[in-house]
Amino acid sequence: MDVLSLIILNVILPVFLLIGAGAVLHLKYALDLTTLAKLNTYLLMPALSFVNVYESSMSADTLLHVLSFLVVQSAALMLVSTAISRAAKFEPGLSATFKNSVVLINSGNFGLPVSQLVFQQNPLGLSIQIIVMIFQNLLTYTYGLYNSVSVNNRGLQAMKVFLRNPVIYAFVAGLLLHLLSVDIPQSIWTPIDNTADAFLAVALVTLGAQSASLKLIRFSLPLTLSILGRLVVSPAIAILVITALSLEGTTAQALFIASSFPTSRNSSLFALEYGNHPDYAAQAVLMSTVFSIVTVTVVVYSAKLLFP
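Our numbering numbers the first residue of the sequence shown as 1270 and each following residue consecutively.
Hints listed in this document are in silico derivations from the structure and should not be mistaken for laboratory results. Treat the hints with care, since some could be wrong.
Unchecked claim - Distance ranges between label pairs, derived from CB positions:
1) Leu1286 with Leu1497: 35 to 43 Å
2) Trp1458 with Lys1358: 53 to 61 Å
3) Leu1312 with Ile1562: 26 to 34 Å
4) Gly1289 with Leu1575: 40 to 48 Å
5) Thr1512 with Leu1296: 40 to 48 Å
6) Glu1517 with Asp1301: 39 to 47 Å
7) Ala1329 with Gly1289: 38 to 46 Å
8) Thr1512 with Ala1306: 32 to 40 Å
9) Leu1278 with Pro1577: 18 to 26 Å
10) Trp1458 with Gly1544: 26 to 34 Å
Using N, Cα and C, we set each Cβ at its ideal position, and we do this for glycine too.
Kindly generate the complete structure, drawing on both the sequences and the hints.
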């Protein structure tokens, strides 16, 4: 069996089977999305972050490379999405939602599970994705939130929201204990490790439940541009940035794959909260997730070939 078939069977199919299960369960039993979201955010995701950073052997150089890539990649996407919105003459509310749909990615309950499957035997790959997720959280509650609130010139409380996210503190705790070579007693480690193992299934079921309530109305120009920007333009820019920074191996693979993930649900939540075309924002989340079945498969396959 060739590499592409293995990727489809071992990475993409398991992801979307669980997403599908979540959608079916939600349609039948109306799952409590608020509870699921809090379970992911305040328990499972912090546990996964702590475990992988604690066990990681990431060097300072690798961390610098990852952060350099994320800053350059994000800045490039901001510039490109701004240029497209101006060329298309989007009004301010639509422009804000469009830019968020391109720049903000679903690095949590989509990105982490995909990375768990791709890098099953390589903790470094998943540790890089955790850094991507933390960076995206910061970007979401600064750039993303500013985009949304600036349409109506409202006050910005982004950092308060960001600092309430326990993933950051789990990351710092795991890093400190790792650097200090602190041995965690088995009685404490076992429940943390078991909680981290539960993340993949619960996160994807949650994503499926969230997606079940979204409805596609029509393929408008903004929606088409959002999908292309998030799933095609972003990986293309990532290749250029990876080449410019001379990244290679697992670091290059993990960052290239992360660049292909679909639009963050937060972009839809911001649009709903601030009245910036929420229907379009929800469609961008749904359709970028659907089309990522193809694009993420291609990117994972290409990553193995381009950055062995």
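Going through the hints against the structure:
no.	hint	result
1	Leu1286 with Leu1497: 35 to 43 Å	violated, 27 Å
2	Trp1458 with Lys1358: 53 to 61 Å	holds, 56 Å
3	Leu1312 with Ile1562: 26 to 34 Å	holds, 28 Å
4	Gly1289 with Leu1575: 40 to 48 Å	violated, 30 Å
5	Thr1512 with Leu1296: 40 to 48 Å	holds, 44 Å
6	Glu1517 with Asp1301: 39 to 47 Å	holds, 44 Å
7	Ala1329 with Gly1289: 38 to 46 Å	holds, 41 Å
8	Thr1512 with Ala1306: 32 to 40 Å	holds, 37 Å
9	Leu1278 with Pro1577: 18 to 26 Å	holds, 21 Å
10	Trp1458 with Gly1544: 26 to 34 Å	violated, 47 Å
Violated hints for the displayed structure, listed by number in ascending order: 1, 4 and 10.
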